[in-house]
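**Q** Here is what each chain is made of, one letter per residue.
2 protein chains.
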Amino acid sequence: MIGLEEARARILAPLRPTAAEVVPLADAWGRVTAAALAARLTQPPRDVSAMDGYALRAADGGLGAALAVVGSAPAGHPWAGRLGAGEALRIFTGSVMPDGADAVLLQEDADCSEARVTVKEAVTQGRWVRPAGQDFAQGDLLVSAGKRLNSRDIGLLAAGNHPWVAVHCRPRVAILATGDEIVLPGEKLPPGGIVGSNAHALAALVRACGGAPVVLPVAPDDLARLAAVADAVRGMDMLVTTGGASAGEHDLVRPALAGRGLQVDFWTVAMRPGKPLIHGRLGEVPMLGLPGNPVSSLICGIVFLLPAIERLSGLPGEAPPVVQAVLGTPLAANDGRADHLRATLAVRADGVLVATAFPRQDSAMLRVLAQAGALILRPPYAPALPAGATVPIIRLDTLGL
Amino acid sequence: MIGLEEARARILAPLRPTAAEVVPLADAWGRVTAAALAARLTQPPRDVSAMDGYALRAADGGLGAALAVVGSAPAGHPWAGRLGAGEALRIFTGSVMPDGADAVLLQEDADCSEARVTVKEAVTQGRWVRPAGQDFAQGDLLVSAGKRLNSRDIGLLAAGNHPWVAVHCRPRVAILATGDEIVLPGEKLPPGGIVGSNAHALAALVRACGGAPVVLPVAPDDLARLAAVADAVRGMDMLVTTGGASAGEHDLVRPALAGRGLQVDFWTVAMRPGKPLIHGRLGEVPMLGLPGNPVSSLICGIVFLLPAIERLSGLPGEAPPVVQAVLGTPLAANDGRADHLRATLAVRADGVLVATAFPRQDSAMLRVLAQAGALILRPPYAPALPAGATVPIIRLDTLGL
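If you read the protein sequences in the order shown, they are chains A and B.
No gaps in the numbering here: position 128 of the first sequence is 127 in numbering that gives the first Met the number 0, and each next residue is one more.
No gaps in the numbering here: position 290 of the second sequence is 289 in numbering that gives the first Met the number 0, and each next residue is one more.
Chain A extracted, bound-state conformation (with noise of 0.2 Å):
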């Protein structure tokens, strides 16, 4: 039996990103850049105006004086002369400074009438006016690789005017649900039967990560299917099951995998829930067995199945993050296993987020998981605490999961 943080070490280890692929920007929404990407223009390419107004030279502006309008250049619509001196040339927000110009008039501090205009306010060389090159320049790095492109870094692409983003392809996570009690939603439950949870959960997880799940046929306790397994995942860049991860008679994942090439890492973590979990590799695709209580198998998978996805996306694939927390009830001391106690979560009136474990902790909980607002972690050996100590936490509000 390992520690927690020694199993993510050795599931990390071995995860490599995907291949890229070209996506329209409008699509990128969300994906991991596989390459830097820079400028292929300059922003603004020319220096424009920031507002409604009149381009001059500095030195006309004084106050009172009077400019010749020499025209007009609508945003779009650059003016193709040189500006002398005493002219002035009607401009609005986002239009090209015409060359010799170096100041602008605002609007509201001019008087036009016919084609002449007068300085009510003395004008400053360079105020209003947006240099060439302002936001950014060509070859500039506007988002670095590795990075999960977010509306900002969108806005920031199109400007720099990449119609397409080579990015990480979405990790396929294969999906197996086991167990002959196993039915799906809305299917005829026979006697001892129990509708499967697991497979969706861990899917919606994948998918809140950013993977692609693919959701296998439940298979039955039976060697021969199970087996049939390793034909089905080929190509896959992860295969995670869930049940059948223990020692009994019945747990038929590794028997059933191990003539088909599963070369297992290990299969036990001290951890609480989740004890039972298998960690290894079957022929090329990387294995993530959970267990089959559904609390165990989403809470394994916020622990390890989040950071290998995000290692496979291109992302560096951390544990999921940890923020402090104080008590709301006392805890009693913790034995040699992590533990991850479902809590509510609270904001007091000062901002300090306060977690109170559920009195309930059965792995088989479902509905007290889906109710907290994080996971207390208890490191193995913990001591009691009484109420009010601080303790780290996972934020399950935040996370989308």
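Take the hints with a grain of salt, since some may be wrong.
Because identical chains share one entry, a pair is satisfied inside a single copy or across any pair of copies.
To be verified - Below are the DSSO-like pairs computed for lysine-lysine, each with C-alpha atoms no more than 30 Å apart in a straight line:
1) Lys119 x Lys146
2) Lys187 x Lys146
3) Lys274 x Lys119
4) Lys119 x Lys187
5) Lys274 x Lys146
Note that these hints are calculated values from the structure, not bench results.
Place chain B on chain A using the hints.
**A** Chain B alone, transformed into the frame defined by chain A:
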């Protein structure tokens, strides 16, 4: 000119959630429930074992007792008989407890040879038995209406036997960039042209909020072509325009749509960036006219469009979440417009967030916005603040925005 909070309230007030549609549970992650969902079965349906071992009567399970093993009942294969005194049934995690049994002897606490099992550790009544309904009973509320489904909810709904879920339709948000100078990424850039970034940045924001963006072709500064937008947006849940929202002679959004039934509620807000902001209704379609500067457009998107999409999705639709940070550098006093300073965000060793405003806050500098981790919120007439003062911020890093 109205204040930011009033503007947001007036934008949100008329919005109603979209109609419901039915989606497969496997596609329901991230969607918002249109109705409460109750359990359609009791979970577990019967008393089941939490471990591998032997079912027996607790009265028979004293230390050293020997019992007759009358059969084996793997999960999914319940035993039909009734367990008598002195009898034990081989069972496994998830196996239905046979009638008559009320305790489980763990496999590791049992010596089994041929058809007899000897108790090595006295059993406790009810221990290792998951009673029927431990997780939930038929009819129990699993997920309330108006909740965005996370992966745990998906698991819970699967367990509650819901193959389908009624969710609110993704709000369809038409996005229209306007301006003679705007071209799309990759298109030929004429003199005075600029690559438009607003439409696709806002489309990504709509997607991040769970909406369905519809990016309309760029509209030039032409009354007739702008007016035609009124036909294009029929049936949309919202129209968002960018550019042309100010009062200049080339700001044509209001004049062009006035003849097509645009009813303007307000068109300036005391905020920065983003003073020119149109709110109204184009026929039946709520309309938000955002400024053309990319930073103004995206920040107004975060401040107004994000809660609007949430409201349309069936969520409460509140202001983006605000947390507290301390200032990395001093701030000058603010004028009468609520400001949103782009800032880097760092976490101090003690866990406190430190926000440091960028020295340049020009509303055309998209790269600065993309590099920002937070927006520092500065209310109208906020006083100057020293480094270390506490300020409210909107975290951008965790919003996917």
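**Q** Does each hint fit the structure? Answer for all of them.
**A** Hints, one by one, checked against the model:
| no. | hint | verdict |
| --- | --- | --- |
| 1 | Lys119 x Lys146 | neither (49 Å within a copy, 57 Å between copies) |
| 2 | Lys187 x Lys146 | between (45 Å within a copy, 28 Å between copies) |
| 3 | Lys274 x Lys119 | between (78 Å within a copy, 23 Å between copies) |
| 4 | Lys119 x Lys187 | neither (82 Å within a copy, 40 Å between copies) |
| 5 | Lys274 x Lys146 | neither (33 Å within a copy, 32 Å between copies) |
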